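Same order as they appear, the protein sequences are chains G and D.
Position 300, counted from 1, in the first sequence is what the UniProt record's numbering calls 300; the numbers after and before it change by one each time, with no gaps.
Position 180, counted from 1, in the second sequence is what the UniProt record's numbering calls 180; the numbers after and before it change by one each time, with no gaps.
There could be a bad hint or two in this list.
As the list claims (entries may be wrong) - Pairs of lysine to any residue residues, derived as SDA-like cross-links and limited to a Cα-Cα distance of at most 20 Å, are as follows: (1) G/Lys261 / D/Thr4; (2) D/Lys261 / G/Glu12; (3) G/Lys261 / D/Ala16; (4) G/Lys118 / D/Lys300; (5) D/Lys357 / D/Asp385; (6) D/Lys300 / D/Thr217; (7) G/Lys118 / D/Thr9; (8) G/Lys261 / D/Lys357; (9) G/Lys118 / D/Ala16; (10) D/Lys118 / G/Gln139; (11) D/Lys261 / G/Thr11; (12) D/Lys261 / G/Ala8; (13) G/Lys357 / G/Thr327; (14) G/Lys118 / D/Ala8; (15) D/Lys300 / G/Ala63.
Said to hold, decoys possible - To spell it out: a stretch of chain D is covered by chain G in this simulated footprint if at least three of its residues, at any positions, have a beta carbon under 8 Å from a beta carbon of chain G; those stretches are: (16) 4-10; (17) 33-46; (18) 56-65; (19) 113-122; (20) 265-275.
Don't read these hints as lab results, they were simulated from the structure.
All values reported here derive from a predicted model rather than from experimental measurement.
Beta carbons are placed, not taken as given, at the ideal position from N, Cα and C, and that holds for glycine.
Residues per chain, in single letters:
There are 2 protein chains.
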Amino acid sequence: MSVTELFATRTEGMHASEIRELLKLLDQPEIISFAGGIPDPALFPRVEFAEALAWATSDTEAAQSLQYAPSEGYTPLREWIVRYMATLGVSCAVDNVLITAGSQQALDYLGKLFLDPKDTALVGWPTYLGALGAFNAYQPVYGRIDPRANRSAEEITQKAASRGGRVKFAYLSADFANPTGLTFDRAEREAILAKADALDIAVIEDGAYQALRYSGTAYPPMLALEQARKGDMEACRTIYCGSFSKTLAPGLRVGWVVAAKPVIQQMVLMKQAADLQTATLNQMAVARVAEAVFDSHVEKLREVYGHRLNAMLASLGHHMPEGVDWTRPEGGMFVWMHLPEGMDGAELLAQALRTQKIAFVPGGAFFADGSNRNTIRLNFSLLDDKTIDEGIRRLGEALRAEMAK
Amino acid sequence: MSVTELFATRTEGMHASEIRELLKLLDQPEIISFAGGIPDPALFPRVEFAEALAWATSDTEAAQSLQYAPSEGYTPLREWIVRYMATLGVSCAVDNVLITAGSQQALDYLGKLFLDPKDTALVGWPTYLGALGAFNAYQPVYGRIDPRANRSAEEITQKAASRGGRVKFAYLSADFANPTGLTFDRAEREAILAKADALDIAVIEDGAYQALRYSGTAYPPMLALEQARKGDMEACRTIYCGSFSKTLAPGLRVGWVVAAKPVIQQMVLMKQAADLQTATLNQMAVARVAEAVFDSHVEKLREVYGHRLNAMLASLGHHMPEGVDWTRPEGGMFVWMHLPEGMDGAELLAQALRTQKIAFVPGGAFFADGSNRNTIRLNFSLLDDKTIDEGIRRLGEALRAEMAK
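From just these sequences and the hints, can you work out the full model?
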């Protein structure tokens, strides 16, 4: 017998991520890639990180930065996050903050925290496929969260029971969601919170793109809205996941969770058992860089990425044929496109790669049931105006060729 | 209802680690602490890490070091590990290596990979309590691995079936195990491998302390012995977990797994879903430092820690009363002590902290069933000879007081 036959049943739900597999293949320089969703390395605060790491490995700091540290995280970083959350309208204490190895790890831990097999996780349709990947390990079933839907809490609860479990949480990204780029407005946020109250479930708010607003007015995080209504963080069911990957740099793997203390305490135990702690060095460096330049650096990112988003939207207006439609985000890193009914995003990609040397992510993977294959995700954070325009022109050609089939 | 009532059943098995909770309390300078198991920060290769991080954040490298990277790990580090494993008698390829955020993460992923609820994990009695913590999340039951026991494979398999699952793996540390400091000799290693063949289970070999041998002759890792017998890495059931925490520095959280490719491939999917990747910056820095100074640095550690181990063993010989016994390890970071029958290590700690201002870890937590409470673990890696001698003298006083009760 092979060792693989000893694998747990949960491994049956673990598949390769289309996006990360694609990223490996798209290094060829002649391809214009709208795939991926990674920040522009030219915008990393490199000098600031070099300085912070020199400080962290100095004679006075290295005994701490290179050593083990408590699982909950480096206190000055947690304190910075408390101050940052206050600017978003969230009032919390250091004990409400856990540092994670990126917000992806927070999603894994939250799946582990809440999901027994066959429990229901409510997600967007589409949703971040990395969230589906993280949750899949805990063998849930998925339901659809939609603030405009009229299903009653009873209906949702009964459906979950008929599928063998309970509804445990709603996962969503309220700002510039991956993959659609869309944002829930205040009424939608309040509607979801009210539905979560009725269902008596947790809300996992993924704030990965929250800081990257390029136009329009910011809405408070769902956690801020819930706290404004309930008064006390400890009464809140919303669990906010933050990340430095899109604002400072992803290669350090530092993110955070803000939630009521019993949630954080259980997650600290989980982290202690799963990887002891997030790298001390990285937490110290991120704390120092955030303290020094977070606001001004994010302002710079907004300017550059906002310009690229506008360039993409303008190019789409010029080059797209009739019959396709796309979102007009006010932030984030993605534009989401609906192709004509019956067209398959994965087939379009195969054709476009071959004939036009462009790439993007087919949309089906972002749906828990693999439906809506006539969708694609376009990333604009890595390319300059001219390349965006040329790539979108080629996408138009590829679409016309596919429509003519 | 509180959100905590939504927690998954697996959280019932997650408790605070006695060791890490203790570490928080023992910062008071007047206490001589044999608790913990952390490297001496004075021995960190600080200058080398400062140089490596300056390189990694230089103009030419920062676009890589601060960016996302493939889940399997940074290729030059995986290549270094291939060469390192060869020095231990293991012949593997880069595709047999996964980089993890410390070897603790490898244990979490291996629990996730193999354990369905009620499956049996065979462990030492005692064993590393962090392994129990990692595995507990996947709700196994524990059986005892003992190379000198005569239980047949059928007996072990039937017992596991009667408990509702299958035997999935044996977890062990063959060299200077935490907490005993003891090493399996070649015959014991071969006996465990033969039993694993008979049971048709995986073997998880925790090599965290493997490099820290201060005297005596090194044995090949179990993976090397298995490969020598079976010829091909792909035919091996042993999964080797390595760590840089005890040799270079723990604060970077870099470890690795070497195993047959189907195991690594499934673990890569798991890592992709759970935290995307180990921090790129940390992998690049560790690769550079390991390449430059691994051998000479470990030589230095061996000299210093070996000296401290000898000091502790000599002090134990001088100060211990009749009726206690302890291990004589040839490496690692720990000495393990048996107290007289009926004495409780946790009660001794409470008394010793109060009356003698010394600390250590009570041994019960290292047993999957909490038995053998008349044991304690003593760490010697952090203290100089004189402090070790004074602390062990005080331990003798505390023991005499407890015996007189």
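Given the hint that G/Lys118 pairs with D/Thr9, test it: the Cα-Cα distance must not exceed 20 Å. 13 Å, holds
Under the criterion that the straight-line Cα-Cα distance not exceed 20 Å, is the pair D/Lys261, G/Glu12 satisfied? Status holds; Cα separation ~17 Å.
Against chain G, does the segment 56-65 of chain D show at least 3 residues with beta-carbon separation below 8 Å? holds (count 7)
Is the coverage entry for the segment 33-46 of chain D by chain G consistent with the three-residue Cβ rule at 8 Å? With 6 residues closer than 8 Å to chain G, the segment 33-46 of chain D meets the three-residue bar; holds.
Go check the segment 265-275 of chain D versus chain G for me, would you? Three or more residues, Cβ under 8 Å, otherwise it fails. holds (count 7)
Under the criterion that the straight-line Cα-Cα distance not exceed 20 Å, is the pair G/Lys118, D/Ala16 satisfied? The given pair, whose Cα atoms are some 28 Å apart, is violated under the 20 Å limit.
Against the 20 Å threshold, does the CA-CA distance of D/Lys300 and D/Thr217 hold or violate the hint? Given pair D/Lys300, D/Thr217 holds - Cα atoms ~18 Å apart, limit 20 Å.
Decide if the proposed pair is consistent with the structure: G/Lys261 and D/Ala16, CA atoms, cutoff 20 Å inclusive. 15 Å, holds
Restraint check for G/Lys261 with D/Thr4, where alpha carbons must lie at most 20 Å apart: 10 Å, holds
Hint check: D/Lys357 vs D/Asp385, CA-CA at most 20 Å. Holds or violated? At roughly 18 Å apart (the allowed maximum being 20 Å), D/Asp385 and D/Lys357 satisfy the hint.
Take the C-alpha atoms of D/Lys300 and G/Ala63, compute the straight-line distance between them, and say whether it is at most 20 Å. Distance of about 18 Å is within 20 Å: holds.
Hey, G/Lys118 versus D/Ala8, does the alpha-carbon distance stay inside 20 Å? Measuring from Cα to Cα gives roughly 11 Å; hence the hint holds.
Comparing the model with each numbered hint stated earlier shows that hints 4, 8, 9 and 13 do not hold.
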